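4 protein chains.
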Amino acid sequence: MIQLFTTGGTIDKVYFDQKSDYQVGVPNIEEILNGANVHLDYVCEILMQKDSLDISQADRQLICERVANCPHRRVVITHGTDTMIQTALALLPIPDKVIVLTGSMQPARFKHSDAQFNVACAVTAVQLLAAGAYIAMNGRIFDPRHARKNVKLNRFETA
Amino acid sequence: MIQLFTTGGTIDKVYFDQKSDYQVGVPNIEEILNGANVHLDYVCEILMQKDSLDISQADRQLICERVANCPHRRVVITHGTDTMIQTALALLPIPDKVIVLTGSMQPARFKHSDAQFNVACAVTAVQLLAAGAYIAMNGRIFDPRHARKNVKLNRFETA
Amino acid sequence: MIQLFTTGGTIDKVYFDQKSDYQVGVPNIEEILNGANVHLDYVCEILMQKDSLDISQADRQLICERVANCPHRRVVITHGTDTMIQTALALLPIPDKVIVLTGSMQPARFKHSDAQFNVACAVTAVQLLAAGAYIAMNGRIFDPRHARKNVKLNRFETA
Amino acid sequence: MIQLFTTGGTIDKVYFDQKSDYQVGVPNIEEILNGANVHLDYVCEILMQKDSLDISQADRQLICERVANCPHRRVVITHGTDTMIQTALALLPIPDKVIVLTGSMQPARFKHSDAQFNVACAVTAVQLLAAGAYIAMNGRIFDPRHARKNVKLNRFETA
Numbered sequence: 001m002i003q004l005f006t007t008g009g010t011i012d013k014v015y016f017d018q019k020s021d022y023q024v025g026v027p028n029i030e031e032i033l034n035g036a037n038v039h040l041d042y043v044c045e046i047l048m049q050k051d052s053l054d055i056s057q058a059d060r061q062l063i064c065e066r067v068a069n070c071p072h073r074r075v076v077i078t079h080g081t082d083t084m085i086q087t088a089l090a091l092l093p094i095p096d097k098v099i100v101l102t103g104s105m106q107p108a109r110f111k112h113s114d115a116q117f118n119v120a121c122a123v124t125a126v127q128l129l130a131a132g133a134y135i136a137m138n139g140r141i142f143d144p145r146h147a148r149k150n151v152k153l154n155r156f157e158t159a
Numbered sequence: 001m002i003q004l005f006t007t008g009g010t011i012d013k014v015y016f017d018q019k020s021d022y023q024v025g026v027p028n029i030e031e032i033l034n035g036a037n038v039h040l041d042y043v044c045e046i047l048m049q050k051d052s053l054d055i056s057q058a059d060r061q062l063i064c065e066r067v068a069n070c071p072h073r074r075v076v077i078t079h080g081t082d083t084m085i086q087t088a089l090a091l092l093p094i095p096d097k098v099i100v101l102t103g104s105m106q107p108a109r110f111k112h113s114d115a116q117f118n119v120a121c122a123v124t125a126v127q128l129l130a131a132g133a134y135i136a137m138n139g140r141i142f143d144p145r146h147a148r149k150n151v152k153l154n155r156f157e158t159a
Numbered sequence: 001m002i003q004l005f006t007t008g009g010t011i012d013k014v015y016f017d018q019k020s021d022y023q024v025g026v027p028n029i030e031e032i033l034n035g036a037n038v039h040l041d042y043v044c045e046i047l048m049q050k051d052s053l054d055i056s057q058a059d060r061q062l063i064c065e066r067v068a069n070c071p072h073r074r075v076v077i078t079h080g081t082d083t084m085i086q087t088a089l090a091l092l093p094i095p096d097k098v099i100v101l102t103g104s105m106q107p108a109r110f111k112h113s114d115a116q117f118n119v120a121c122a123v124t125a126v127q128l129l130a131a132g133a134y135i136a137m138n139g140r141i142f143d144p145r146h147a148r149k150n151v152k153l154n155r156f157e158t159a
Numbered sequence: 001m002i003q004l005f006t007t008g009g010t011i012d013k014v015y016f017d018q019k020s021d022y023q024v025g026v027p028n029i030e031e032i033l034n035g036a037n038v039h040l041d042y043v044c045e046i047l048m049q050k051d052s053l054d055i056s057q058a059d060r061q062l063i064c065e066r067v068a069n070c071p072h073r074r075v076v077i078t079h080g081t082d083t084m085i086q087t088a089l090a091l092l093p094i095p096d097k098v099i100v101l102t103g104s105m106q107p108a109r110f111k112h113s114d115a116q117f118n119v120a121c122a123v124t125a126v127q128l129l130a131a132g133a134y135i136a137m138n139g140r141i142f143d144p145r146h147a148r149k150n151v152k153l154n155r156f157e158t159a
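Chains as they are written, first to last, in our numbering: chain Z, 1 to 159; chain A, 1 to 159; chain P, 1 to 159; chain X, 1 to 159.
Please note: incorrect hints may appear among the correct ones.
Which copy? The list can't say, so a pair holds if one copy fits it or any two copies do.
As a list, the in silico DSSO-like pairs of lysine-lysine whose alpha-carbon atoms are at most 27 Å apart [claimed, not checked]:
no. : residue 1 : residue 2
1   : Lys50     : Lys149
2   : Lys50     : Lys97
3   : Lys152    : Lys111
4   : Lys111    : Lys50
5   : Lys152    : Lys50
6   : Lys149    : Lys97
Derived by calculation from the structure, the hints in this document are not laboratory data.
Values in this document were obtained by computation on a predicted structure and should not be read as measured data.
Work out the full structure, taking the sequences as your base and the hints as a guide.
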């Protein structure tokens with residue numbers, strides 16, 4: 001059984017015509033898993049729906065508590081990319097859990113998006129890795145202590 | 001560096017209107033990797049373009065030789081699903097290589113396809129697994145000695 | 001009110017993995033109209049589900065009878081491209097009806113397909129044209145007496 | 001020969017991750033026409049790249065001048081939906097031109113968008129209509145003097 005938590009971020013962004021701006025919508029990770037003929041046991045819960053720049057220390061603490069207290073060993077978290085590393089670092093001390101954070105640079109609703117690929121990476125990695133907190137982006141698995149988001153190149157890389 | 005080999009199968013099927021039947025086309029795995037903002041070093045080579053039901057023992061031997069002799073430790077092979085398990089079993093004796101086979105139930109060119117998800121699983125798994133031959137399908141990693149294709153449910157499962 | 005009739009053809013082709021061949025599936029024209037925020041009154045009926053090369057004279061006569069006897073003046077027919085012109089010619093003598101045939105070179109289920117564009121052309125043309133039988137393909141409206149399918153270039157053109 | 005002019009609007013909106021807001025990008029109408037196997041002669045020119053709420057009277061006058069002075073009789077204009085009717089009304093006095101405005105409620109880059117359908121309607125209508133200025137949205141052709149955008153239902157309707 002895999003526990004999925006969603007926190008918002010670009011992966012779940014939705015565009016509303018009236019307001020002419022993006023808003024965070026319902027989680028796309030379940031739609032991605034359903035659409036890819038995936039055959040895994042999982043539960044999904046929305047923790048919050050925020051741009052990752054708006055995730056406060058209190059939010060981050062809530063995420064840590066929910067991960068630490070959830071009954072499942074394997075946890076995937078979708079998260080905005082701007083502060084994904086901070087949240088992963090906050091999750092590092094949690095023992096006996098395999099925690100993989102992922103997200104996307106383009107909204108899952110776009111014709112061309114990295115969301116499906118990244119979710120697949122995270123769901124695979126969470127089944128294979130030892131306990132710890134990791135980031136799955138751009139086809140790679142990062143240790144958050146040695147990762148950075150390269151804003152210019154729009155990707156994560158080893159720091 | 002990851003070595004990608006393609007052998008054909010549904011993932012690469014293309015439809016030609018004139019002939020009213022499917023034919024195997026250029027490999028989609030590179031297009032999938034390029035489209036998902038993936039940042040990995042890889043080389044890709046077409047070994048054959050066949051329905052997996054048409055892969056002969058000679059074809060299978062060729063695949064084994066090419067994998068065994070390629071300079072890279074990590075190898076992903078796209079393959080038709082009907083005989084993917086046989087090919088994986090044939091690859092098992094190869095030492096010191098991490099070999100992951102994947103493919104799809106729906107052509108990569110379809111609007112709704114499992115191809116992108118499966119390729120992402122395979123590319124992630126090949127980076128994390130120990131030496132051996134594996135199948136990445138339906139969001140899971142299978143040992144080919146304990147896997148079967150459930151034709152009715154259109155998915156792979158533990159045997 | 002627009003009457004939609006479907007007869008099969010590439011636009012409705014579906015791929016079944018087990019059989020490794022295409023089969024004609026449920027009509028995609030309604031899914032296209034629903035997905036494009038279209039606000040029109042229409043009814044849709046499946047007349048047959050055939051490759052247009054398999055449409056017999058009896059089939060063609062049935063299509064003509066159903067069009068002639070339907071209560072609506074404006075009729076769109078989805079049809080395979082190989083004999084679309086013959087069917088359009090057979091429909092020409094029907095008085096007081098605006099009849100537009102369309103279809104696609106690539107199945108509507110493909111990521112890249114001309115199906116949505118062609119359906120939009122047909123639905124627009126049927127509202128604007130005078131009584132007669134027409135073909136809407138490749139962004140143009142053809143008189144079937146002066147049209148041919150260019151198989152090499154994979155498009156319709158004026159003959 | 002059809003003249004295409006683009007002015008911006010939702011149809012051309014692009015999302016930039018860094019800024020977390022939408023910006024108007026390169027015109028999608030040409031990509032739509034190329035992707036649909038359309039075989040028409042056309043030229044395309046970007047007049048401006050604006051949200052239609054930001055189109056000033058000076059902008060509108062520029063659009064009118066460019067349409068009136070272009071060498072082609074048939075003109076399609078992509079435009080934001082919020083002031084599409086005003087621009088169409090401003091174009092009404094131009095003699096001897098068939099002018100069709102279109103746009104979309106969802107960006108063309110979204111997986112699910114009305115952009116392709118609307119462009120197909122406009123391109124078809126501009127070939128069939130008499131001189132005048134029209135709006136092609138939601139599968140219908142509107143006289144701008146008798147049209148309104150229903151913001152709640154997110155569609156155009158007869159006023």
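Against the structure, the hints come out as follows:
Taking identical chains as interchangeable, the C-alpha atoms of Lys50 and Lys149 lie at most 27 Å apart only when both belong to the same chain, with a minimum of 19 Å there against 31 Å between chains. Proximity of Lys50 and Lys97 under a CA criterion of 27 Å is satisfied intra-copy only: 24 Å inside one chain copy versus 42 Å between copies. For a Cα distance limit of 27 Å, the shortest separation of Lys152 from Lys111 qualifies both inside one copy, at 22 Å, and across copies, at 26 Å. Taking CA atoms no more than 27 Å apart as the test, Lys111 paired with Lys50 passes in both settings, with 23 Å inside one copy and 22 Å between copies.
Taking the shortest Cα distances, Lys152 and Lys50 sit within 27 Å of each other both inside one copy (23 Å) and across copies (25 Å). For the identical chains of this complex, Lys149 and Lys97 are intra-copy neighbours only, at 24 Å inside a copy versus 31 Å across copies, given an alpha-carbon limit of 27 Å.
Hint compliance for this structure: no hint is broken.
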